[in-house]
Amino acid sequence: MFDIKVDDNKHIILSGRLDASQVDKANSVLNLISESSLIDFADLEYISSAGMGLLLAVHKRLSESGHKLKLRNLNNHINDVFHYAGFDRIFEIE
Amino acid sequence: MVAENDIRPILLQKYMNDVDKRNFKRNIASLNDIYEFITSYFAKSDIAESNSFSVSLAIEEIFVNMVKYQRESQDDITIELKLERNKLIIILTGYNVEYFDISNVPNIDTKAPLGERKIGRLGLLLTNKLMDKIDYDYNERTCRVTLTKTLEE
Numbered sequence: 000m001f002d003i004k005v006d007d008n009k010h011i012i013l014s015g016r017l018d019a020s021q022v023d024k025a026n027s028v029l030n031l032i033s034e035s036s037l038i039d040f041a042d043l044e045y046i047s048s049a050g051m052g053l054l055l056a057v058h059k060r061l062s063e064s065g066h067k068l069k070l071r072n073l074n075n076h077i078n079d080v081f082h083y084a085g086f087d088r089i090f091e092i093e
Numbered sequence: 000m001v002a003e004n005d006i007r008p009i010l011l012q013k014y015m016n017d018v019d020k021r022n023f024k025r026n027i028a029s030l031n032d033i034y035e036f037i038t039s040y041f042a043k044s045d046i047a048e049s050n051s052f053s054v055s056l057a058i059e060e061i062f063v064n065m066v067k068y069q070r071e072s073q074d075d076i077t078i079e080l081k082l083e084r085n086k087l088i089i090i091l092t093g094y095n096v097e098y099f100d101i102s103n104v105p106n107i108d109t110k111a112p113l114g115e116r117k118i119g120r121l122g123l124l125l126t127n128k129l130m131d132k133i134d135y136d137y138n139e140r141t142c143r144v145t146l147t148k149t150l151e152e
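Chains C and E, in that order, give the protein sequences. Here numbering that gives the first Met the number 0 is used: the first residue of the first sequence is 0, the next is one more, and so on. Here numbering that gives the first Met the number 0 is used: the first residue of the second sequence is 0, the next is one more, and so on.
Any given hint could turn out to be false.
Unchecked claim - Derived CB-CB ranges, DEER-like:
id, chain 1, residue 1, chain 2, residue 2, range
1, C, R88, E, N103, 19 to 29 angstroms
2, E, R84, C, I92, 17 to 27 angstroms
3, E, N138, C, H66, 44 to 54 angstroms
4, E, N31, C, K69, 23 to 33 angstroms
5, C, S62, E, K24, 32 to 42 angstroms
6, E, R143, C, L37, 37 to 47 angstroms
7, E, K20, C, S64, 44 to 54 angstroms
8, E, P112, C, S33, 17 to 27 angstroms
9, E, E139, C, V5, 46 to 56 angstroms
10, E, L113, C, N75, 40 to 50 angstroms
11, E, N31, C, D79, 15 to 25 angstroms
12, C, K9, E, E79, 42 to 52 angstroms
Claimed, not checked - Derived DSBU-like pairs: lysine-lysine, alpha-carbon spacing no greater than 30 angstroms straight-line:
id, chain 1, residue 1, chain 2, residue 2
13, E, K81, C, K24
14, C, K24, C, K9
15, E, K43, C, K9
16, C, K59, E, K128
Just so you know, these hints were derived from the structure itself, not from any lab. Since this is a predicted model, take the numbers as computed values, not measurements. From the three backbone atoms N, C-alpha and C, an ideal C-beta is built for every residue, glycine too.
With the hints as extra help, turn the sequences into a complete structure.
Structure follows, in structure tokens:
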């Protein structure tokens with residue numbers, strides 16, 4: 000079960016499993032972002048290339064207007080795949 | 000009649016517990032059923048949960064690739080899981096499809112700056128990183144992708 004919410008601090012909170020079947024749901028929120036934002040992965044168990052591709056697309060779009068996505072609390076598995084994909088060079092990860 | 004000291008039925012039962020095969024609709028919506036299939040197999044085969052992320056991801060990436068790029072077929076995709084000692088063998092079979100060797104796709108440049116990064120082909124790169132090897136066979140409009148993964152204890 001995947002979920003995406005925006006908390007009172009305007010941080011984006013991901014939870015569950017972000018696989019290819021959940022990308023539209025994630026995009027429905029991420030598509031509305033127009034300035035730099037923090038995404039919290041603390042409750043996200045899993046992400047595949049579909050979700051990673053969405054994050055990359057949003058980050059690219061924001062960078063065109065001088066903004067960016069910042070990511071935090073990635074679990075070890077997600078940290079590993081972000082490293083393999085070179086995302087740790089592209090995103091600021093706390 | 001089986002002799003009292005004949006362990007073959009026990010070995011057969013053990014072997015049967017460690018092989019599982021199921022068909023899935025050729026649709027992204029099948030991913031939840033596939034995850035349940037993997038989770039169930041891990042539980043009954045006593046495979047450490049730490050392997051679940053990489054196995055789920057590799058299966059998703061190959062399955063999604065088959066769904067997206069084998070549009071000529073409406074047939075189900077078969078996923079088979081089997082244990083060979085400390086290795087998990089994962090076989091995805093697509094029927095009535097064209098030849099496309101996904102084990103031979105060039106890798107993306109993971110060091111490219113943001114402006115030059117491409118969105119596609121990331122899944123195959125991750126599958127290559129997480130699995131020991133990927134084999135592709137094609138015969139009579141049937142493709143078979145075999146993933147081999149050495150399991151963590």
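Cross-check of the supplied hints:
{"no.": "1", "hint": "R88/C - N103/E: 19 to 29 angstroms", "result": "26 angstroms, holds"}
{"no.": "2", "hint": "R84/E - I92/C: 17 to 27 angstroms", "result": "37 angstroms, violated"}
{"no.": "3", "hint": "N138/E - H66/C: 44 to 54 angstroms", "result": "51 angstroms, holds"}
{"no.": "4", "hint": "N31/E - K69/C: 23 to 33 angstroms", "result": "30 angstroms, holds"}
{"no.": "5", "hint": "S62/C - K24/E: 32 to 42 angstroms", "result": "38 angstroms, holds"}
{"no.": "6", "hint": "R143/E - L37/C: 37 to 47 angstroms", "result": "44 angstroms, holds"}
{"no.": "7", "hint": "K20/E - S64/C: 44 to 54 angstroms", "result": "50 angstroms, holds"}
{"no.": "8", "hint": "P112/E - S33/C: 17 to 27 angstroms", "result": "23 angstroms, holds"}
{"no.": "9", "hint": "E139/E - V5/C: 46 to 56 angstroms", "result": "51 angstroms, holds"}
{"no.": "10", "hint": "L113/E - N75/C: 40 to 50 angstroms", "result": "25 angstroms, violated"}
{"no.": "11", "hint": "N31/E - D79/C: 15 to 25 angstroms", "result": "23 angstroms, holds"}
{"no.": "12", "hint": "K9/C - E79/E: 42 to 52 angstroms", "result": "46 angstroms, holds"}
{"no.": "13", "hint": "K81/E - K24/C", "result": "33 angstroms, violated"}
{"no.": "14", "hint": "K24/C - K9/C", "result": "18 angstroms, holds"}
{"no.": "15", "hint": "K43/E - K9/C", "result": "42 angstroms, violated"}
{"no.": "16", "hint": "K59/C - K128/E", "result": "25 angstroms, holds"}
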